[in-house]
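*Asks:* The primary structure of each chain is shown beneath.
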Amino acid sequence: MKTPVRSAVLATAFLAATALFAYEVGGAAYTKRIETKLLAEPKPLAGAAGKLGFGHKLKVEEVQGAWLRVSEGDVAGWVFAGNLSDTKPADIKGADGLGLSASTTTATAAARPLSPAALEYATSRNLATVRSDFDWMVATCAAFSNDDVDAYLKETKRGEYMETKPEAAK
Amino acid sequence: MSSRTLCLLLAAAVAAPALFAVDFGKMLDPSKLTKALDTMKDASKIAKGATGIGPEEEKTIGDSVALEIIAKFGGLVRDPVAMRRLNIVGLSLARYSARPDLEWRFALLNSDTVNAFSAPGGLVFITRGLYALADSDATLAGILGHEIAHITNRHALKIVERDEALSGITNIAAARSADVRKANEQLAQFGLSVNKVTGALFKGFDPQTEFTADKDGRALALTAGYQPGGLRAALTQLKGRGENRQTMFSSHPPLADRLQRLPDEAAPPADYVAPTPAAVTVSQSAGPKIALAELLPKLTPAAPFAIARPNGHQVLLQSFNGASAWLRADAGDLVLQVVRGSVMVEFRSGPVAVGTGEFLTIAKGTEYRTLGDATAAAVVVSP
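If you're matching them up, the sequences are chains A and B in order. Going by our numbering, the first residue of the first sequence is number 1, and it counts up by one from there. Going by our numbering, the first residue of the second sequence is number 1, and it counts up by one from there.
I should point out that these hints are in silico values taken from the structure, not numbers from a laboratory. Just so we're clear, the structure is a prediction, and the values are computed from it rather than from any experiment. Hints are not guaranteed to be accurate.
Chain A is nowhere near these chain B residues, computed Cβ spacing over 10 Å in every case [unchecked claim]: (1) SER64; (2) ALA66; (3) ASP179; (4) PHE202; (5) ASP264; (6) SER342; (7) PHE347; (8) THR366.
Quick look at which bits of chain B chain A covers, simulated, 3 or more residues with Cβ under 8 Å [stated by the list, open to error]: (9) 56-62; (10) 90-104; (11) 296-308.
Some residues of chain B that are not near chain A, with every Cβ distance over 12 Å (derived) [unchecked claim]: (12) ASP137; (13) GLY199; (14) TYR226.
We put the CB at the ideal spot given by N, CA and C, even for glycine.
Working from the sequences, and respecting the hints, build out all of it.
*Replies:* In structure tokens:
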């Protein structure tokens, strides 16, 4: 049951969060994920309207609270402002030539163990016990999915599940 | 000669003199030439300072730094409940951060000191001592947001951005099969780079970098929908206890300096109550008498024993795992008798030490938390 205190907290959080987003109609926003979904409505569970890759410059067409309607050419849709960046994200490439946009780091890579060079490092530094802790951490963290995070955000009305019209504190 | 080989030769002819001498008479094998060009490409990038630290290299550095952090702070607390909370709150922040696609992981260090660290690649650690202050998810988000900001701003990586030792480190396993001595040298050099990062982490970044992380972390927590004031609440709690630079955020600027730069926001309400671990019910088939001496060796913080339920009350034999979250005796008075070691029970008015054989009543409605380790045990009677 929602208590007056909880409503006031949600309202404070919502107002503080929307004040942070500096997007204006006609301005630019950038995608920062390997894949960003655009939605048909400013709601987290709305249907898909398109998707874009990393580092795309988008035009802000409309602002509704913490949601933006953005476009790039023929692709347009709604996206939670927290899923975009107001500055162009850097796609830094390493000596291996791989940048963020080409990274294979996805949800499926969430259980990646200690990297081979770090493994060599652990051996050279006699960190066998610590390695066991590291492996335990990797295995434990692999159990937490995007769905778990979604469920938490939905339950606590945070992130894209923030109420766009917060109740006044009673 | 293929067009690719011709191109490689031409490219090499242009690039090589500027970098180092290459004997083309010995390098007509296209595969060797490709390899040499790769080396030159790396060297060229380093010489120009244009090479960033890519995702794979960042992971390698981050994993190695994480091992050093875990080693220095007593290992990890293998508490599934705390891990779940840390990671769900942490991931809900990370998804709106500037680098949402990193492999973000959050873990608890087995140390009573109050501190937090981040390793490149998305690894965030907070000590038990700091975690105990997170009596709301908003406060935890404020703490984690600061560490996430260090990673998204690449603060640690900037220390080694132009470090030649990192070149090729991701392929060290392959390098070892070709030349063990060279691979060992490379690993030793890499160790020096890791040392630079851990040195900065344990000594602390410069104050301005920490203030930036405070500001960006607070903004991230707000973006994710947490009530503002979380980080401020944690820092204020610490300041109220009397700042100890040895044990509290020793690698960060003084609390007063950090608080001065954060907006004056109210502390989020304490809304987190750690779930009580599932108790193992002791069989009473042998009669109503229970020998605590037989249960104590089997007792762990994660598995207390339910030893009786007189008149609907619960009698638990439990052990401890550092500081608990702040709790409130809502259902009625609690009584606690320490049967092994000693336990600190902290009230908002101050702490009370309870030794073996001593008995403490916690009055209904009182806020408290317990601090003890696995060597301590107590019988707790609650409504």
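*Asks:* Compare the structure with the hints numbered earlier in the document and write down the numbers of the violated ones, lowest to highest.
*Replies:* Going through the list in order, the structure violates hints 1, 2, 11, 12 and 14 and respects the others.
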